[in-house]
Structure formats: structure tokens, C-alpha cells
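Residue numbers (the working numbering), protein chains in the order written: chain S, 1 to 188; chain F, 1 to 182; chain C, 1 to 678.
No lab work stands behind these hints, which were simulated from the structure alone. It is possible that some hints are incorrect.
[As the list claims (entries may be wrong)] Taking lysine-lysine and the DSS-like style, the derived pairs with C-alpha atoms no more than 27 Å apart in a straight line are:
| hint | chain 1 | residue 1 | chain 2 | residue 2 |
| --- | --- | --- | --- | --- |
| 1 | S | Lys147 | S | Lys121 |
| 2 | C | Lys439 | C | Lys503 |
| 3 | C | Lys115 | C | Lys228 |
| 4 | C | Lys410 | C | Lys286 |
| 5 | F | Lys116 | C | Lys286 |
| 6 | C | Lys439 | C | Lys286 |
| 7 | S | Lys73 | F | Lys93 |
| 8 | C | Lys225 | C | Lys353 |
| 9 | C | Lys442 | C | Lys495 |
| 10 | S | Lys147 | F | Lys93 |
| 11 | C | Lys286 | C | Lys115 |
| 12 | C | Lys411 | C | Lys439 |
| 13 | S | Lys121 | F | Lys93 |
| 14 | C | Lys160 | C | Lys228 |
| 15 | C | Lys410 | F | Lys116 |
[Stated by the list, open to error] For each label pair, taking beta carbons as the anchor points, the in silico distance ranges come out as:
| hint | chain 1 | residue 1 | chain 2 | residue 2 | range |
| --- | --- | --- | --- | --- | --- |
| 16 | S | Val34 | C | Met154 | 52 to 58 Å |
| 17 | C | Val553 | S | Ala176 | 46 to 52 Å |
| 18 | F | Pro115 | S | Lys42 | 22 to 28 Å |
| 19 | F | Arg22 | C | Thr545 | 48 to 54 Å |
| 20 | F | Pro115 | C | Ile112 | 55 to 61 Å |
| 21 | S | Ala176 | C | Ile163 | 29 to 35 Å |
| 22 | C | Val552 | S | Met149 | 44 to 50 Å |
| 23 | C | Thr172 | S | Lys121 | 48 to 54 Å |
| 24 | C | Leu448 | S | Lys121 | 58 to 64 Å |
| 25 | S | Lys146 | C | Pro327 | 42 to 48 Å |
| 26 | S | Glu101 | C | Ser602 | 44 to 50 Å |
| 27 | S | Glu125 | C | Leu143 | 45 to 51 Å |
Here a beta-carbon is modelled for each residue, glycine too, at the ideal position from N, C-alpha and C.
The residues making up each chain are set out below.
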Amino acid sequence: MMPEHSAGETKKPLTRTNWVLFVFLGVVVIGLFVMIGAWMSKSNDTTLEVGETALDFSLTSFDGEEFTLSDAKGKVVLINVWASWCVTCDDESFMLQQVWEELEPSGDYLFLGIDYVDTEKPALEFISSHGITYPNGPDLGSSISKKYMVSGVPETFLVDREGILRAIKIGPFESAEEVLAFLSRADE
Amino acid sequence: MAEEENQPDDRARGAAVRRTLRFGALLIALFCVLMIVFPVTADDGDEVSDDEVNEIAIQLYCPICENVPLDVCPSQACADWRELIRQMLSEGKSEDEIITYFTEQYGWSVLPMPPKVGLNWLIYVLPPLISIGGIIVAVVVIRNNRKTAVPQRGEEAPVQTDHMKDYLEIINRDLSGKDDDA
Amino acid sequence: MIANIAIGTMAIAFIACVIAIVMAINGMRLRTPAILESSRLAALSSFPLLSFSVAALLFLLLTNRFEYAFVYETSDTFMPIYLKIAALWGGQEGSLLFWCWLLSMFIFFTLINKKEFDQQLSPWVVVVSSVTLGFFILLVVLLENPFLRFFINMNGEVIKSLIQPPYALQATPDYGMGLNPLLNHLGMVFHPPALYLGFVAFIIPFSYAIAALITGQDGDLWIRKSQKWTLAAWLFLTIGLVLGSRWAYDVLGWGGYWGWDPVEVSALMPWLTGTAFLHSSLLQEKRGIFKQWSAALIILTFCLVILGTFLTRSGLLSSVHAFSNSPIGPYYFVFTALMLISSVILLGIRWSKLKTSFEARSYFSRESLFVLNNLLFLAIFLICLIGVFFPILSELVTGQQINVGPEYYKKATGPLFALLFALMAVVPLSAWSASTGKKLGKNLWKPLVISALIPLAALLLHVKDIWAVVALWVVGLSIVVTKYDFIRSTSIHAKIGHISVFKSGIRLLLQNRRKYGAYIIHVGIALMGLGVIGIEFFQTQSQVTLKQDESVVFSGYTLTYKGLIVDDSHADREIASSVIEVRSSNGNTFELHPIREFYYSSNQSNTIPGLRSTPVDDLYIILVDWLPISSQGATFKVYRNPMVFWLWTGTLVLIFGTLLAMWPKKKTSRTTAQGVQP
């Protein structure tokens, strides 16, 4: 049941349309694979590098004050990413507040709370019900979280007096002692 | 007469008191009227319904869950967001204002489609281009084939018509089991 | 013990694949049928071997052997038996093993018949399919092994390993994690296997196509030999997609049936090109044309199958469907790339040899319409491809995370699908080569007029959306055309042959199964289109909080919340069924029971809608479980989905049509009906 086949057709050279087609296809396919490859190699780094300079950012607190990370050089900065709907942030914030009350008078430390994907009313309620006195502000456009590759809450970052990122904590602190131990890594 | 001398003072004082009282009553009346006309809550009288919230929520995505629209997302964060929408609606904000606010606060990942900026134009422009391109290619391919046509095997099937003869041929062929009109 | 044997059989199956490849190539080189026969036997052996491995894993699941990591992660003691079986594909490792098993099964049934094993094509079929199977077995054995067990070492760490490590003992958890409660549904039993069957079956036509390309055959032998597998693959894939859709509608989807989730789209893409391939291969078999199309389309389809599973399993796509990240990503990627590149190079070498042309005297001849058909499917496929990959591109280039939502797909593909439906209506009326627009129009006008009743009815019913009216007309037209043609043939045949219309219909159906099977399939698709139009254009929804005995009126229905029935007799979950009394506009009353199941161990709840389905519309009520639910009051989402009934009915019609078309013909063909000669 083989169809008859004009002899002249078997050796037909590729027409111009064929070439256009193949080139187009080649570009699409190669582009696709390059993209997938690039994505795959990029996604292997899921957290920031400790030891590098911490990325700068600005945070406007709920009270309207503006804080810029680079302005805080000379102080040890603890950056805590939290949300009012985050269940484990609940206990952690008490510990952080406790440590803050001890350390604030020295003027040597700065605690910044970054409110992640949250709404203002529940956030303010969270702050007041936990008695938090260190500055907190909303992460507009989630830009700070993106810079710090935040994948969930809570996450805490430690920046030393020279602006170098010294430690990252994924998940909540278990105790105030752990917070202090975390902070001490800025002086190592 | 000493009493007669005091009487105009008393009358003046009484008139002053009466004036004050009248003025006070007027103020109270005015206050009551204002209270009725401008209630303390300062909202428009109707509560915002779930459906009105969902009309907007359905146009946003949950920022944390993957690919879940905001009107059906069960998480606390989404519930907070829907409350925020409700609050903004009751303040009289328009749909556009609310969506713009959310985009500014939380980034483009809350939108079901990216804003028409820069690279994102591709996603709006490519589908119509592909559709039109497809039609053009079809026309070109058919025309090319008309030029280099080679008769191929297979009988030409008559078109379904009203003519009985043609129909009988089709039926006969069908019944003889030869597939040709697939 | 049994697990060790199972790993052994997998390893042997891999070796069998290697042997099959080596023997096939040698047998062809030396032209020795005996060697070719041993390659066939080697290829056959992987199926029984892998069957043992799968049976072993099922045994472990059914006997609650939680020391096996896979059993622990996907199963638990309380799960019903059918769900424990479904746990086989409930996790990455098991589903990959299941995939291998299905591959080996199709290879087995393709090669089992010794008489069909020819000397040119079949050895290459063995090679291509064994390479694929070998790759996947290697993935399972080395990277995603379902037979890993838990061990505790002296540091108190729990590690997973195939064999007992030194200074460590086996750890056996008392219970398992179980499948996500959302998966406790019959859909979990049928949807993944149907989908996998559809995907995997495409290996056979693909292998035959590659075989034909390598051997330089430009005939249609490869198509004929693999045709029933093509139909089977298409049928299973369609069923798998529809089952997923029905499952989403039943439980997970909030009154929706297709979310244009990237993983869903990845499964749709091979269906699109696969359908185009189906049509193209039929054309090649009948008319000897579209050879380049057929070869290209099956290569594209199979590569999309592999790409689709890669996308799903590698974590590239953000989706509710995606498996968790896995180390197989890079290897899968390389395999996909190699497969695609080598097939395309092969195709390129043979490209000019495959060139055929057809006499298309008109833009409306059947061949031209099929060109348009293929291009429409390709266009829809490209649009889907862009939709899936654009977020990845955006994140790479701009760092911005964006979504490409359902609106993109609906707006971009809607008109193209409508065109396809229009084609489906028109093609049966077209003729090969010699049809002009005028001739086509002559045949078209009667069905067009008849079907115009539909948009007329729609307008009378105050349908406002012009696109809905157009869509309804197109769908109606395709149904009318197929029925019209069939009815005419039947009635004429009945009149001439003096037999009943019924008998004549049956006879025509049976004698030309492919043609009428295809007609029935198209009617099924048109009915499905009707369901889609109903839900896309005419769905209404609302969210409402009702106190006890409070009523609300929604789209002509009066809904009253009567109260809650709480059943906490089950050990693992509490079932709260709400009672809603519904009165429709024509006075009928019935009860619906939206349910919330709360699972104690995982603290998760699952909402099941109360659903009433009629051919006219579905009333769908679901509990909103993030708001309080009690006898005093509860919040509900209510949906009215018109005509969605036809989506499922159309699928049944489609299945029937496919089975009819696949039904093998006896060798003797009957003579024409008596007394037909005029």
C-alpha cells in the first residue's frame, strides 16, 4: 500500500520557507532550553550569602519614621520579618521585645520589624497586643523581602556594625537566650 | 421708689436668661438635627456585601499560596485582605483604586495578569500575532500546494448532495466497508 | 525482603533494556532474525519484572509498612483501601515507578505478537522505547527509589537508605502521614492513571515514527502499525483530562472545572498536538499526504509529554499540582533536550523525502481545511506554551514575579477554539480536492438555517453576550451537520433497502466504523463545547451568610438554611453536613447537603459541595469553612452553572465514538445492501 512517489521529489532541496521554519523552530527550542537551564541554575541559591554586605533598603514605619539600613552603620541591626497572620511569630515577638528592652538603652542596637504581606489594621493590633516598641513598617511591594529572599515568616537577619550580613535565622526563635546568642554572632 | 428702679434690671436680666435659654435650645435642636443627618459612623448606610467584596477579590491572587484567587483562599492572610477590601469599599473607594493599592503594597504577583509595562507587552501582543500568523501560514501553504500539485491516490469522494445517485454511491461505499471519508 | 527483590527486578529490567537495545542494533547490522528475536524477548521481559516491583510496593502500602519512607509519606492506617492503592502514585517515587510500569506494559503489548515483528521498523521501535524505559528505570532506582527505609543512627538522626547502614537500626513509625485529605476522592484513583496511560501510550507511535525516519521509509506502514495505540493514547489522555476536570468540579475547584494552572496547561499541550497528529496520521494513511506534518506532530507530542512531566516534577512551575523539588531535575532536562534535538535532526534529514503535496484547487477543499485544522491546534499550543513559560522568563529577566492567569488563555484561545468548532462543522461537507467555496456553501446552507434556530432561541431568552450567541451557533452547527449527514444516509438507505431506519443506521455505523465513530466523537466534542459555553458565559455566583431558617433568593432558586448535622463517629474525622432546602422557580423542592470534613490528625478540612445537576443547569452550594459554621448560622458560596451536564455527557459520547472507531474490523467485508442498485 505504498503510495506512488514522483522520483523528482526525493531529492528536492529545502526551500526557503523550510529554512525559515527550521530557524524559527531552532530559536524557539533553544531559547526554551536556555531559559529552563538558567532558571534551574539560579534556583539553587535559595538564601543570601552570609559574609557579604547586606543589601540596603528603606523602611517607613507605621509611625511615619523612615529607617535606612546604611544609616545604621555602627550599630548591630536585627531585621525580623513577620506577619500578623503568622502563628509562630506570636511567641517570637515577645522574646524579641524582651531582648530589645534590655538592649535599647545602650544605643548600640537597632531592631527593625518588616511586616510581610500584611494589612495595616491586624498589623497594628499585633504590635500593640505584643507591646512592641521597636520600629515596624510594612514591606511595600514586598521589595525588601525579595531582596532578602524571604520565602516565609518568620525570618531574621543579623547585620553587623560595618553593614555585613552575619547570620540568618529561618523560623521562630525558641527563647530570649537564643536571640541573644544570635545577636552575639555580630561580634565574632 | 427703690423697687421701681430695680425692675428694669430684673427684666433685663430675665430677658438675658430667656435669650440664653432660647439660644441654648436652638443649639440643642441644631445638634439633634445634625446628629440625625450625619450619623457618627460616617459610613454610607448599607453594609458592604460579601458579593461586592468577592467581585474585587476574584481579580486578585493570594500573595502566598500558589495560583489561588483571593475570593476562595482560606488562609488568615487572605481573610485579612478581604476585610481590607471591605473596609476600602465602605470608604467609597473604587475598584481601580483598590486594585492599584494592592499592587503598590504587594507587588505584581497579586495580579492575574501583569501590567502592560516593558517585557510584559509580549504576553498581550504575541497571541494575536500567532493567530494571524497561523492564518497567513495556512494561506501560504495552501497556495504553495496549488502550484506544485501532484495527483495522489484515493478516489474523489462526491460531496454530500441532494442527488440521489451521489448519495447511493456514498452509501454503497460505506456499506462495502471501504473507509474513505474520515 | 520483598523490597530488596523488587529493587532487584528493577535493576534486571534496566539490564534487559540495555540488552534489547544492543541485540536490536546488532541484529539489524548482521541481518540475523535470531538476534532480533532475542531483542524482542528482552524488551518483553521488562513488563513482568516491573510488575513484580509495582506489586511489591502495593503490598507494602496495603500492609502499612511505615518503615518504608514512601509508605510513611503517602499512606496511613485509617485510609480506605482504594486510597492506599492510589497512594502508589501519590508521591514522586511511586508515580515514577508506576510510569515505568505503564511504559513497559505498552512495549509488551506492542511487541507480544511475533508475527507483527518485522525486520525493519520493529527493531528500531525496540531501541527507542528501551532507551526511554531504561532512562526512567535508572531515575527510579538511583534517584527516586520508593523502597528507601528509615534508620536511626547513634546520633539520633533518622536517615533514609536502601540497605542498613553501619551502626544504625531500622526505625518503624507507628503511623503514616497519609495523603492530603483533599485527595480522598475517587478522582485520585482514576485521574492520574488515565492521564499517565494517555501520556505513556504515545511512546509507541513515537517509536514507530523514529523507526520510519531512521530507516528512510516514507510510507504509512508506521502509522498503520501504531494507529490503535495512537487512538488509545488520545482516548486515555482525553479521559484523564476530563476526569481531572470533574474531580476539580466535584471537590476542589469552587464551582470551576479548569483553572488554567500551569501544570494543567502542560498536560493540555500534548493533547492539542496529539489531536492534530491523530487527524494528520489518518490523512496520511488515507491519502498519502501530510507526511511531514505527521512526523513532526508525533515528535512534538511525545517531547511535550516528557517536557510536561519534567515541568511538573522539577519545581519549575508554581502550581498546586507540582511535586516537591527533586534531584531528578537536571537529568530529566538533559534527557528531554537530547530527545528533542535528536528527533528534530532526524526529521530534518528526512524532511525533503517526506514532502508531499496535494491538489488543493480551492481554499475550501478538504485538504486545505485540514491544513487550517493543524495550524489552529498549533497556534493554540504556542499560546499555551508562552503562557506557561512567560512567568519564568519574566522572573529571569526582570526579577519580577508575575502571573499569567486564566483570562490570558480564555481570551487568546477562545476564538481559535471557536474556529476549530466551525471547522468541525464544515469539514464533513467538504470534498477532497475539488470543492469550491460555492459548492461548500451549497451543502452548508441547509444545516446553517436549521442551526440558526439556536442563536434565535438564545436571543429570545435575552442572552446579551454576542460571543455566547456566536459560540452556541457554531457548536449547534457542528451537531446539526453530523446528524444531518447521518440521518440522510440512513433514511435513504432505509427507503431503498426496505428496512427500518434503525436497522439501516446500525448497519451504516458498523460498516464504516471509523467514519461514523469520528462523527460521534465530534458530536461528543460539540456537546462538551456546549457545557463549556454554559459555564464560561452564563455562570452566576454569590456568597451569603444565612442564619437558621433564613432564606435567600439566587438566580431563581430560594435557598433556606435549615441546620447542621454533625457526625463524629469516625475515628479520623468529623463530618458536618449542612441542610439547605431549595425551591426552584417552577415549584420543585429538594435538599442539598454541603459538607465539611475536619481531619483531626492534620487539622485540615475538606469541603464537599451539595450538587444538583440537570441538563439545564447545576446548582452547586459549598460551605465556606474559614468562617464559623454552626446550626445557628453558616456562610455559603452558591454557583449556578448552566449546561455543565453536557460537558460530562459529551465525554461519554466521545468515549463511545472512539471505541466504535477502534473496534477492529473482520477481514471479510460485506457486500452492498441488497437492492441498492438503481
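Now for the hints, and whether the structure bears them out:
A hinted pair counts as satisfied when its Cα atoms are at most 27 Å apart, and Lys147 of chain S with Lys121 of chain S qualifies at roughly 25 Å. Under the criterion of a C-alpha separation no larger than 27 Å, the hint pairing Lys439 of chain C with Lys503 of chain C is inconsistent with the structure, at around 31 Å. Simply put, Lys115 of chain C and Lys228 of chain C have alpha-carbon atoms about 17 Å apart, close enough for the 27 Å limit, and the pair holds. A distance of roughly 35 Å separates the Cα atoms of Lys410 of chain C and Lys286 of chain C; the hinted pair therefore is violated under the 27 Å criterion.
With a C-alpha separation of about 48 Å, the suggested pair Lys116 of chain F and Lys286 of chain C falls outside the 27 Å cut-off, and the hint is violated. Note on Lys439 of chain C and Lys286 of chain C: the hinted pairing holds, with a Cα-Cα distance of about 23 Å set against a maximum of 27 Å. Straight-line distance between C-alpha atoms of Lys73 of chain S and Lys93 of chain F comes to about 42 Å, which puts the hinted pair past the 27 Å bound. A hinted pair counts as satisfied when its Cα atoms are at most 27 Å apart, and Lys225 of chain C with Lys353 of chain C qualifies at roughly 21 Å.
Taken as a hint, the Lys442 of chain C and Lys495 of chain C pair is honoured in the structure, with Cα atoms around 24 Å apart against an allowance of 27 Å. Restraint check for Lys147 of chain S and Lys93 of chain F: not satisfied, since their Cα atoms lie roughly 31 Å apart, outside the 27 Å limit. Taking the CA atoms of Lys286 of chain C and Lys115 of chain C, the gap is near 24 Å; set against the 27 Å cutoff, the hint holds. Restraint check for Lys411 of chain C and Lys439 of chain C: not satisfied, since their Cα atoms lie roughly 33 Å apart, outside the 27 Å limit.
Only pairs whose Cα atoms come within 27 Å are accepted, and Lys121 of chain S paired with Lys93 of chain F is accepted, the gap being roughly 17 Å. As the CA atoms of Lys160 of chain C and Lys228 of chain C are separated by approximately 43 Å, the hinted pair breaks the 27 Å bound. Of the supplied pair hints, the one linking Lys410 of chain C and Lys116 of chain F holds, its CA atoms being roughly 18 Å apart against a limit of 27 Å. A C-beta distance of roughly 47 Å is found between Val34 of chain S and Met154 of chain C, which places it outside the suggested range of 52 to 58 Å.
Separation of Val553 of chain C from Ala176 of chain S is about 57 Å and departs from the stated range, judged on CB atoms against 46 to 52 Å. Range check, Pro115 of chain F to Lys42 of chain S: Cβ separation about 24 Å, and the 22 to 28 Å hint holds. Taking 48 to 54 Å as the suggested C-beta distance range, the pair Arg22 of chain F and Thr545 of chain C conforms, at roughly 51 Å. Taken as a hint, the range 55 to 61 Å holds for the pair Pro115 of chain F and Ile112 of chain C, whose Cβ atoms sit roughly 57 Å apart.
Between Ala176 of chain S and Ile163 of chain C the beta carbon distance is about 45 Å. The supplied range of 29 to 35 Å is therefore violated. Against the hinted window of 44 to 50 Å, the Cβ-Cβ separation of Val552 of chain C and Met149 of chain S comes to about 47 Å, which satisfies the hint. One distance hint, 48 to 54 Å for the beta-carbon pair Thr172 of chain C and Lys121 of chain S, holds here, with the actual separation near 49 Å. Between Leu448 of chain C and Lys121 of chain S the Cβ separation comes to about 60 Å, which falls inside the hinted range of 58 to 64 Å.
Restraint check, Lys146 of chain S to Pro327 of chain C: a C-beta distance of roughly 26 Å breaks the suggested window 42 to 48 Å. Checked against the given bound of 44 to 50 Å, the beta carbons of Glu101 of chain S and Ser602 of chain C, roughly 38 Å apart, lie outside it. The hint said 45 to 51 Å for the Cβ distance between Glu125 of chain S and Leu143 of chain C, and at roughly 48 Å that hint holds.
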